[in-house]
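Line by line, the protein sequences are chains A and S.
Letter by letter, the first sequence follows residues 7 to 115 in the working numbering.
Letter by letter, the second sequence follows residues 96 to 579 in the working numbering.
Certain hints may be false.
As the list claims (entries may be wrong) - Computed footprint of chain A on chain S, listed as stretches where at least three residues anywhere in the stretch have a Cβ under 8 Å from a Cβ of chain A:
hint, region
1, 121-131
2, 154-166
3, 182-195
4, 210-223
5, 244-251
6, 400-414
7, 568-578
Calculated directly from the structure, the hints in this document are not laboratory data.
Bear in mind that the values here come from a model prediction, so they are computed numbers and not experimental data.
Each residue gets a CB set at the ideal place from its N, CA and C atoms; glycine is no exception.
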Amino acid sequence: MLRGFYCNSTKHSIMSVDKSTVARIARLARIHVPEDRQEKLSAELSGILDWIEELNEVDTENVEPIASVTGHSLPRREDVVSDGNRVDEVLANVPETASGFFVVPKVVE
Amino acid sequence: MSNLVEGRTGEWEVVIGLEVHAQVASNAKLFSGAPTAFGADPNANVSLVDAAMPGMLPVINQECVRQAIRTGLGLKAEINLVSVFDRKNYFYADLPQGYQISQYKQPIVGEGVLRLDMPDGTTREIGIERLHLEQDAGKSMHDQHPSKSYIDLNRTGVALMEIVSRPDMRSAAEAAAYVRKLRSILRYLGTCDGNMEEGSLRADVNVSVRRPGAEFGTRTETKNLNSLRFIQQAIDYEVARQIEIIEDGGEIDQETRLFDTSTGTTRAMRSKEDAHDYRYFPDPDLLPLVIPQAEVDELSAALPELPDQIRDRLTGEYGLSAYDAAVITEERETAAYYEAASAGRDRKLVANWMTVELFGALNKSGQTLADCKVTPAALGGLVGLIEDGTISGKIAKDVFAAMFESGKDAAAIVEEQGLKQVSDSGAIEVMIDEVLATNQDKVAEYRGGKDKLFGFFVGQVMKASKGQANPGMVNQLLRAKLDG
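Using the sequences provided together with the hints, build the complete structure.
Next up, the structure:
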């Protein structure tokens, strides 16, 4: 089931990222952020979001959303096999392999 | 038909919704040119895009887009001409990108509907909420080493269609019927091979229970079930577990659960904390997918006839029962076989011969229709011989058995083995006279009022004819001789 959230802001609200949100995002992103850095990051991130919030002052009534300024549409490829069979390259940077597999610490549920 | 489950404290209604992951039938992956073939050497079907090497960019495979549109049309669903790919962020060893490219708020296909024909002859409509395209993940093997997991990325990036139903099902049997019907439609369309053993079709099952008519209860989601039997087992287990917890005064936790195939039970995933915080955002590597209406129209015009359409013709025009029609139309090949075999014949008789004798023989010998030596024309020929009175239905069973063994035509077997039905009244009368002459005591008993002996005489005459006498004529002539 689809759950979670988009990182888009609610119109005309002042965004703030509190310390616990910083800690949570850091954990989800697997980035180690020491306790004493969290307060500072909270202020920085909130500042960035507030700055972006200024865009809400622009009147976008009746303006179509755009995803690209180039006017290009999503390019498509033909359904043709043109790649693969490069196990050596795929595994070239891998610390540990066995019989063509990646070998990682056990991640069993 | 009541689907309610009896608990200690009264009746419960089961509410089920399914998310089916169907692997798109395509040569190459969703965003790379690596092959999708099953059973390759580990990591042989992997491009540098799939391995998420820095700087690699996804380019969408247009056949995957078209397969999703075809599937949407087959589910009578709305096709969204603009859809968006998003990143679903999570960390796992078999997900090298650190995110799955999926579709969140704007899927390619919106609401549709799927019709179920239940064995008791009733019909149910199950709502389809959406269908979106997404990448499959790789495969982890945990049994190769005591402290390590082995990762194969061959499946990474293969296109999946996630097909989400409304919570419209009310029993495990309905859930299984839904998956069977969905698989049938996908196979007719050629958009997914539906092979559950190879993992081409897998289901996540959302289950909750409530008092009849009450609000929805809290649901659990049991993930990654790859057989119809496991789907039903997981539902039955969850229903019993949830009812027991609630009746004991407890509450259901909304959680993701895993099914243990060896015990038929489910258990909570350990890593459930934060598991659903995927922080979706639009993938900056991919522009929105814009589909011209003309492309949808073109695909729509080229769609094959689907099981519901064929089923309606079978029950309407041909007069088959809903059950026979559902059995015959489940697989495209079976429906095509039936159409060919029954053309110009008694449609109902051919349906009986297919569902009883042919399917029975296939089941018994472990064959499929594809390996079967009896061609549609040959089965039609056999029914033709029954229709025109050349052989009786009873003899036809022996002829069919010989056809199934040898692949010969019915007419040839009848000729070779001299099985032609005797419909010559003179010849039958001779046999009857012989039977009556050798059983004079029984004739006297019969004439003295023992009516039940009539069957004995019929049996004796049929035996004397080696089963070849026309049973209708035997009855008629025998009655004339005995009663006349």
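Here is what the structure says about each hint:
Under the rule that three or more residues need a Cβ within less than 8 Å of chain A, the assignment of the region 121-131 of chain S holds, with 7 such residues. For the region 154-166 of chain S, the assignment as covered by chain A holds, since 7 residues bring a beta-carbon within under 8 Å of that chain's beta-carbons and 3 suffice. Check on the region 182-195 of chain S: 5 of its residues sit with their Cβ under 8 Å from a Cβ of chain A, so the three-residue criterion for coverage holds. Requiring three or more residues with a Cβ within less than 8 Å of a Cβ of chain A, the coverage given for the region 210-223 of chain S is violated, as only 0 such residues are present.
Chain A is given as covering the region 244-251 of chain S, and this holds because 5 residues of the stretch bring a CB closer than 8 Å to a CB of that chain, at least three being needed. Residues of the region 400-414 of chain S with a Cβ under 8 Å from some Cβ of chain A number 0, which does not satisfy the need for three, so the listed coverage is violated. Figure legend: the region 568-578 of chain S, annotated as covered by chain A; annotation inconsistent (0 residues with Cβ-Cβ distances under 8 Å, at least 3 required).
Taken one by one, the earlier hints fail for this structure at numbers 4, 6, 7, listed in ascending order.
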